[in-house]
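Visitor: Below, each chain spelled out in residue letters.
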Amino acid sequence: MRDQFNQWRGKAKTGSMHVGRWIRRHTVLAAVALLLTVLISPRHIQGQVPSPCCAILAAGLGTINSTLGSVIGGGLQAINTVLSDISNFEQTVIWPKQAIAQALGMAGQIQGFYAQIRTIFQIPIATATLQNPRQLESILLSRSPGQIPNTTGGYAAVYGVVPTPQNAPPPVRDIIDMTDAVAQDAMERAIAIDAIADQELAAADQINTNVQSATPGSAPIIEAQADAWLVRAHAYTQSALADLMRVRAIDLANNGAHLKLGSAWAVTTQQNVSTTLQHK
Amino acid sequence: MLLFTALFGGLMLLSIESRRRMVAVLLIGCIAILGVSPPAAQAQFCLPCVIQAVLATISQTIGNWLSVINGVVSDIRKLYEQTIWPISAINLAKSQIQSIIARFRGVIQSIMTINPHTATLPNPAALENIIRNRGTGDLGTVPQVYVNAFRPVPQAGAIAPQDRDMTDMDDALAQDNLMLLKVADQAQDLELQAADQIESLVGNPNINVSAPGSSSLITAAAVSAEIKSQAIMQKMMAAMLRQEAGRVAHDNAIRKRTATFAGQLQNNMTNVLQHK
Chain A
0 MRDQFNQWRG KAKTGSMHVG RWIRRHTVLA AVALLLTVLI SPRHIQGQVP
50 SPCCAILAAG LGTINSTLGS VIGGGLQAIN TVLSDISNFE QTVIWPKQAI
100 AQALGMAGQI QGFYAQIRTI FQIPIATATL QNPRQLESIL LSRSPGQIPN
150 TTGGYAAVYG VVPTPQNAPP PVRDIIDMTD AVAQDAMERA IAIDAIADQE
200 LAAADQINTN VQSATPGSAP IIEAQADAWL VRAHAYTQSA LADLMRVRAI
250 DLANNGAHLK LGSAWAVTTQ QNVSTTLQHK
Chain B
0 MLLFTALFGG LMLLSIESRR RMVAVLLIGC IAILGVSPPA AQAQFCLPCV
50 IQAVLATISQ TIGNWLSVIN GVVSDIRKLY EQTIWPISAI NLAKSQIQSI
100 IARFRGVIQS IMTINPHTAT LPNPAALENI IRNRGTGDLG TVPQVYVNAF
150 RPVPQAGAIA PQDRDMTDMD DALAQDNLML LKVADQAQDL ELQAADQIES
200 LVGNPNINVS APGSSSLITA AAVSAEIKSQ AIMQKMMAAM LRQEAGRVAH
250 DNAIRKRTAT FAGQLQNNMT NVLQHK
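Going down the list, the protein sequences come from chains A and B. The first sequence begins at 0 in numbering that gives the first Met the number 0 and counts up by one. The second sequence begins at 0 in numbering that gives the first Met the number 0 and counts up by one.
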């Protein structure tokens, strides 16, 4: 047994010497082989067992997740609740669709009322029977500004013209001419105001139609335009009132003029009578 | 690493006899060591610190902003519900409208039903009736009823031609206005109906019928009705203007004729005195 062991050791020693000798002879080749061994040998890698770093990361991510849920999620949910309340309030209290539909329906009803009014205002009302009055009446009721220049002729045909200087003294002719002028002016203005009123009715119809396709947000814009038209309409009404007041003023002036002229004639007559009596 | 260095060192010792071999082994060893040497280690960062910073950002910065936004939105809701459109104020306004309707509408309507009829004779009574019935259905009968009360224009030959024209014109202007007033009466009734409907709609207690948001539409429609109302007013003013102008023109025509007659009379008297 011991001999056998000594024999194996001898063989190993011999083998090692052979290997050593080979390496000594082929050192570079051995170095290259060692290099290849180094390069292809497996590297040290991290095992699958969780490291303390991963545990911290997992705990941190979990905390972030719960924080996102509680802080951001909770905050957003609260905001959503308030916004939903506002939306519900706006839809059920401020701008309910049914109420908007009712308001639009009312605009249509108002248009219906005024369509009736417009129709009845178009019923002809001319009643003059003779030629000259009929001609003047047709001009006055024409509602056409184009007819205004014809007023003077129609007026003169019915009410006559200013007397000639041979037929009336200058003060009387002045009064007559002024009175004719204001009467004719008033008739011409009446034609113009009728025409303006027709235009206003058409514009108001258009505005009302626009209201029927408006929304609560756009209605104030239309209302602003309607207000402007209303101001304009008031101005035209005032203009008509002014013309009426002019006619009344001239009428009053005529009454005063009659007194003035009458007293002047009375004085003249008195003087003439005195002169006649003195001659006798 | 140390093992490989030792091995290459051993190989270099073995090749100490040959300089070229030693250099070759040295080079190969260097390459091997470089190959197996670990990369330069990065300095370790503080992961808990980073996580803490993210948490702080979420809970403090974003959380605070969300709280601020929530506060603002809540304030808006409060403003809407308690200051601008409190339901109690909306209902109060509607009840006030209903109260005004109850207090005034009936009274005014009953006052307007007072329609004086004071003519005593048949023809004037008929005319009074027709000019005050607020209807347009009998508009065509006005001229005849008018003639019955005020008599027709005299036949030619029975009156001076200019007087005949003026009489016809006076009658025409008067009748035209009486007819226009019947039209205006009916228009006023329709306007009153429109006004009643507008008022009833805005005062309706049901929020689905009248709401603050829908009132702007009703207001716009009401303003357009106001324009039309003004236009009707202007038509009436124009009619009054025609009538006044006709009256002044009539007076002036008489004045013209008087002046002409006076001039003629003066001439005639002068002639008579001269003949004597």
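Note that these hints are calculated values from the structure, not bench results. This one's a predicted model, so the numbers in the text were calculated from it and none came from an experiment. A portion of the hints provided could be inaccurate.
Straight-line Cα separation of at most 27 Å, BS3-like style, residue types lysine-lysine; simulated pairs [as the list claims (entries may be wrong)]:
#1 B:LYS93 with B:LYS77
#2 B:LYS77 with A:LYS12
#3 A:LYS96 with B:LYS93
Visitor: Hints first: check each against the structure and report whether it holds.
Guide: Structure-based check of all given hints:
no. : hint                 : verdict
1   : B:LYS93 with B:LYS77 : holds, 22 Å
2   : B:LYS77 with A:LYS12 : violated, 101 Å
3   : A:LYS96 with B:LYS93 : holds, 19 Å
Checked against the numbered hints above, the structure breaks only hint 2 and satisfies the rest.
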